[in-house]
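Engineer: Sequence:
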Amino acid sequence: NPPTAPTLVIAEVVCKLRKTRLVIDWHNFGYSILALKLGDSHPMVKINKSHEATFGRFSSAHFCVSNAMARQLRDDLNIKTPILVLHDRPPAIFQPFQSDMKRYEFLSSLSETSEFVADMRAGRCRLLVSSTSWTPDEDFSILIDALCRYSAMASTTNLYLPRLAVIITGKGPQQLMYLSRIAKLMEQGKLEKVTIQSAWLSLEDYARLLASASLGVCLHTSSSGVDLPMKVVDMFGAGLPVVGWNQYEAWPELVTEGVNGLGFGSTDDLVTHLVDLFGGNGEKLCALRRGARRESERRWDDEWDPIAGKLFGLPCEVQPEISSPNA
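Numbered by our numbering, the letters in the sequence shown go through residues 196 to 522 in order.
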């Protein structure tokens, strides 16, 4: 995440010297990310917030990733210049598989999943995927605890539940801590019906893994409450339904509950979703997948052309509403 201080100052000076207009594309706030480490009341956090508010007002216009962020820019940072909401869309590489044959061919070629393919074909195993940077703002203990409880239920009271193959992609500072915990739980027999593996994949293989999975899990908590996780956008691009942490304001702008995904606010909620989606005849999961596939049809051109076209004077058929400071 590039530091807004002194980036905004430098950008403003350069624009003044070159007689160029400045447009800021907000994906989050630098001060809210700094607050994760220092706390909301730390002087540096307050200084950074003041810096972003002050120099943000000099910009000619703004893009941001959610309506909630537009409101915060307008009401909290007191931005008066035009604010356009430009929702993130997935890169073209994230696409659904068009046939089960292609899906199983890929899973058979991937070392992390090849051993599960036969059980997946028979309906005895489901593939769960989560992506993380293994940082403190994503509490992976929620997922681990939920998987332990799912395994216990699948071994005792809910024998109809399928086995879960869980692939967690990414690298980060807390990776070894969580992997050590997972290894101990496996040794203790608490993950009898769940296999958890970490993976570091090429972008191409990651995109195909998402398209092959049964369900995606997102633990993004949002430092500001108004940013949106690209990992969910990518999952939707691959036609993958999502269960995710929903305790922040902008969540409903990304996920439509019961249509393309489900939100949770606790381990209990997550366990309930896993049992509901993987138990029974699978119709609930199929319904979410249909919704995710519909969402995958929305691409960058659908967002960029009408929104950015309004600002840059490009020809487009649909003109967006600009978030007015008086709205």
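Simulated from the structure, these hints should not be mistaken for lab results.
Careful: at least some of the hints might be erroneous.
The calculated SDA-like cross-link candidates involving lysine to any residue, where the alpha carbons are at most 20 Å apart (straight line), are [to be verified]:
no. : residue 1 : residue 2
1   : Lys379    : Ser336
2   : Lys388    : Pro331
3   : Lys232    : His246
4   : Lys388    : Gly420
Engineer: It remains to establish, for every hint, whether it holds in the given structure.
Structural biologist: Cross-check of the supplied hints:
Simply put, Lys379 and Ser336 have alpha-carbon atoms about 14 Å apart, close enough for the 20 Å limit, and the pair holds. With a CA separation close to 27 Å, the supplied pair Lys388 and Pro331 exceeds the 20 Å bound. Taking the CA atoms of Lys232 and His246, the gap is about 18 Å. The hint holds against a cut of 20 Å. For the suggested pair Lys388 and Gly420, the alpha carbons sit about 35 Å apart, so the restraint of at most 20 Å is broken.
In summary, the numbered hints that this structure violates are 2 and 4.
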